[in-house]
Every structure is written in structure tokens, then in C-alpha cells.
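So the protein lines, in turn, are chains A and B. In this text, residue positions in the first sequence follow this note's numbering: the first is 1, and each later residue adds one. In this text, residue positions in the second sequence follow this note's numbering: the first is 175, and each later residue adds one.
The hints are simulated quantities; they were obtained by calculation from the structure and are not laboratory data. Treat each hint with caution, since some may be false.
[Stated by the list, open to error] Straight-line alpha carbon distances no greater than 30 Å define the calculated DSS-like cross-link-like pairs of lysine-lysine that follow:
no., chain 1, residue 1, chain 2, residue 2
1, B, Lys240, A, Lys25
2, A, Lys23, B, Lys259
3, B, Lys240, B, Lys259
4, B, Lys365, A, Lys23
5, A, Lys24, B, Lys240
6, B, Lys365, B, Lys240
7, B, Lys365, A, Lys24
8, A, Lys145, B, Lys365
9, A, Lys24, B, Lys259
10, B, Lys259, A, Lys145
11, A, Lys23, B, Lys363
12, A, Lys144, B, Lys259
13, B, Lys363, B, Lys259
14, A, Lys25, B, Lys363
15, B, Lys365, A, Lys25
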Amino acid sequence: MIWLSQAAIPLLLVGIPLYGLIKKKPVYELFCQGASEGIAMAGQILPYLLAMLVAIGVLRESGAFLALAQWLNPICEAIGLPAEVLPVALLRPLSGGGALALTTELLADYGPDSFIGRLASVMQGSTDTTFYILAVYFGSVGIKKYRYALTVGLASDLVTFISAVWICHWLFPA
Amino acid sequence: MLNWLWFGLLALGVGYGGITGNFSAVSAAALEAAADSVVLIIEITGLLCLWLGMLKIAEASGLMQKIAQIMSPFVTFLFPDVPAKHPAFASMLMNMAANFLGLGNAATPFGLKAMEQLQSINPHPERASRPMITFLAINTSSITLIPTLVISLRAAAGSAAPTEIIGATILATGCGTVFALVFDYILRKSKYGRS
Chain A
1 MIWLSQAAIP
11 LLLVGIPLYG
21 LIKKKPVYEL
31 FCQGASEGIA
41 MAGQILPYLL
51 AMLVAIGVLR
61 ESGAFLALAQ
71 WLNPICEAIG
81 LPAEVLPVAL
91 LRPLSGGGAL
101 ALTTELLADY
111 GPDSFIGRLA
121 SVMQGSTDTT
131 FYILAVYFGS
141 VGIKKYRYAL
151 TVGLASDLVT
161 FISAVWICHW
171 LFPA
Chain B
175 MLNWLWFGLL
185 ALGVGYGGIT
195 GNFSAVSAAA
205 LEAAADSVVL
215 IIEITGLLCL
225 WLGMLKIAEA
235 SGLMQKIAQI
245 MSPFVTFLFP
255 DVPAKHPAFA
265 SMLMNMAANF
275 LGLGNAATPF
285 GLKAMEQLQS
295 INPHPERASR
305 PMITFLAINT
315 SSITLIPTLV
325 ISLRAAAGSA
335 APTEIIGATI
345 LATGCGTVFA
355 LVFDYILRKS
365 KYGRS
């Protein structure tokens, strides 16, 4: 499985043009034609990405995040989530890079094989950055009304985190 | 809603920073994030060009249609509004496969291609369509089989067993994805899902 993960990209890079050549297509021209669409797409995404990253950066650096984490502490104790890992859970849907930095810190401070290290690893790996994905994916095609997409995304993040806590307690009893 | 959400994040950050005397950190964060987003976009641009180029070959040679034809019966039940064998199925499947294997970087171009194709059959171009929301529900809860980044971080931090979290990650991500699909189905059938 890990082999497949490493081989997938090289195989696609040779397999797709090979298939095109067999079908007698001008693969080089087609590649460049497709690649040129990437520039326009990136330009289309940038404003949405920037708007979201600035708002999240401001929120994170203001200290409001840590205050929120402290305020939520009693609830965390009730479900068995260590206070140290809560900021990772709060930041994960907003900022992939921010959560990754926190996880790296926890791995260094408590060790990757501690309960805190394992739980932070599982939380980091088990979900994606909901706000970033919605902003970029919807922004790329000019969608302005998200309807219930954010509700579904955030609710499933919450479910993922709570199950991560329970699963880690079950698989890695302290 | 998006307007208020965005303003809320900004106002909460600025307000809290003001109360705690953190104004300089707040303005530094805003400028830094703006600059970072451009760096990020440049990285993404390269990936987008590479994979959109590959996808163009796959499209023109009929490979995408073939993938959609073979694989779409397995996922059509999730997307009742998308016509059978529509090419969007191929892009969505390649996006899910890339996420599945922990290749997040390759997943984004496939996903954006899928959005473009879903947008072409969206009756209200400014509103998210039901299949888009279902697709993003799967995407944000991310079915990851191999969390490659986390494994390498753990190895770098000196873990005795960097891969021991794979099982727990699959279980947690599975719970999240199943919940996302059920919740999406309920909302899609409710008054919020009316097109």
C-alpha cells in the first residue's frame, strides 16, 4: 500500500501520455494546452485564498484562539481530550499549516509515542482543512452561496475528532 | 452567511487583539498571511499546470470517459443529480484516489477540475449544487489510507513506530466520512436541499 502511494504519481506521469500516444493524440501539445489553464485557475483562486488566510491569521495571532481553548477546557476533560491537543482540533479545520505547526511542537515536547503525540498525529491525519477547501473549491468556479456545505464540513470534523479521542483511548491505553 | 463569517473571524481577532494589547501582532499576522497566500498560490500554480496538462491528455484520448464509465456505477448512488457516466465522475474519483493514498498535492487539481465539470451542470451558477456539496463533504472529511505527512513528521521526531497511528487514523477518518455522507443525505432531502 505504501508502495502504491509512492508509485502512483510516476505511473500516472508515464501512463497518461502513453495512453494518449496509443490513441494517436498530440500529447505534448495537449499537455501544454491543459497546463496553460492552470495559470488562469490559480489567478481565480488567489483572492479567495488570501481573504481566508488573512482572517484566520489575524484570529490566530490575536490570542483569541488560546482564550477559546481555555474556555472550552471543561468540555474537553469530559470527553477525555487532553488540554494540550485541543488547539490542534480547533485549528485543524481553519489552517492546515497552523495545525501542522502545533502538532510538530507537541511531538517535540511530549514525544511522538506519548498519548498526546499519538492523538495529535491521528487528528492531523484524519481530516482536511475544511475552510481552505471550501474557499478554494467554491472560489475556483465563482460559487457565492455555500448553502449547507460548511455545516456538513464542520459537523463531520467534530465527529472525526471525538472519534479520534475515543479510538486513541481504546487502541493506546495509557 | 459567508460575508458575516469572514467579517466575524476578522472582527474577533482584531477585537481580542485590541483588548489584550496585541495590535502589533494582529497587523503583522494580516500582512504575513497576505504574503504567504501568494507564495502558496505560486506553489499551487505549478501543480495545477502539471496535472491539468495531464488531465487534458487523458480527456482528449478518451481515458477520462473510460474511467467514468467503468467506475461511476460505484458512486452514482452518492450523486443522483449527476448524469450517468458524466466526466465529472472521473475527476472526482481521481481526486478521492489521490486523497486516499495521501497525495494531497495531486488531489487539488483533480478536485478543481471536478468542480469545473460540476459547475457546467449547475442550474444556479452562484449557488453550490447538491453534488458539489456531497463531493466536498467527502473531500473535507478526507478518507486517508496513508497519512504520509504525519508519518514523516513522527519519524523525524524520533518515534519508535511512526506508522502505528495508521489504523487509528483510518478508523477516525472513516467515522467522519460516514457521518458526513449521512448528514449530507439528510440535509439534501430536507428543505435546505431544495434546488
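> Quick one, are Lys25 of chain A and Lys363 of chain B close enough, alpha carbons at most 30 Å?
Replying inline: violated (44 Å)
>> Run the distance test for Lys365 of chain B versus Lys25 of chain A: straight-line Cα separation, threshold 30 Å.
In response: Not satisfied, since the Cα-Cα distance of roughly 47 Å exceeds 30 Å.
>> Tell me if the straight-line CA distance from Lys240 of chain B to Lys25 of chain A falls inside 30 Å.
In response: Answer holds: Lys240 of chain B to Lys25 of chain A is near 16 Å, not above 30 Å.
> Do the alpha carbons of Lys363 of chain B and Lys259 of chain B lie within 30 Å of each other, as the hint requires?
Replying inline: holds (23 Å)
> Does Lys24 of chain A lie within 30 Å of Lys365 of chain B when you go C-alpha to C-alpha?
Replying inline: Roughly 50 Å between the alpha carbons, so the hint for Lys365 of chain B and Lys24 of chain A is violated.
> Regarding the pair Lys365 of chain B and Lys240 of chain B, is the alpha-carbon distance no greater than 30 Å?
Replying inline: With Cα atoms ~36 Å apart, Lys365 of chain B and Lys240 of chain B exceed 30 Å; violated.
> Regarding the pair Lys144 of chain A and Lys259 of chain B, is the alpha-carbon distance no greater than 30 Å?
Replying inline: It holds: about 28 Å lies between the C-alpha atoms, which stays within 30 Å.
>> Can you confirm whether the C-alpha distance between Lys24 of chain A and Lys259 of chain B stays at or below 30 Å?
In response: holds (24 Å)
>> Need the status of pair Lys240 of chain B, Lys259 of chain B: alpha-carbon distance at most 30 Å?
In response: Holds: Lys240 of chain B and Lys259 of chain B sit about 9 Å apart, inside 30 Å.
> Regarding the pair Lys259 of chain B and Lys145 of chain A, is the alpha-carbon distance no greater than 30 Å?
Replying inline: Holds, at roughly 27 Å.
> Is Lys365 of chain B within 30 Å of Lys23 of chain A, Cα to Cα?
Replying inline: Violated, at roughly 47 Å.
> For the pair supplied as a hint, Lys23 of chain A and Lys259 of chain B, is the alpha-carbon distance within the 30 Å limit?
Replying inline: holds (21 Å)
Checked against the numbered hints above, the structure breaks hints 4, 6, 7, 11, 14, 15 and satisfies the rest.
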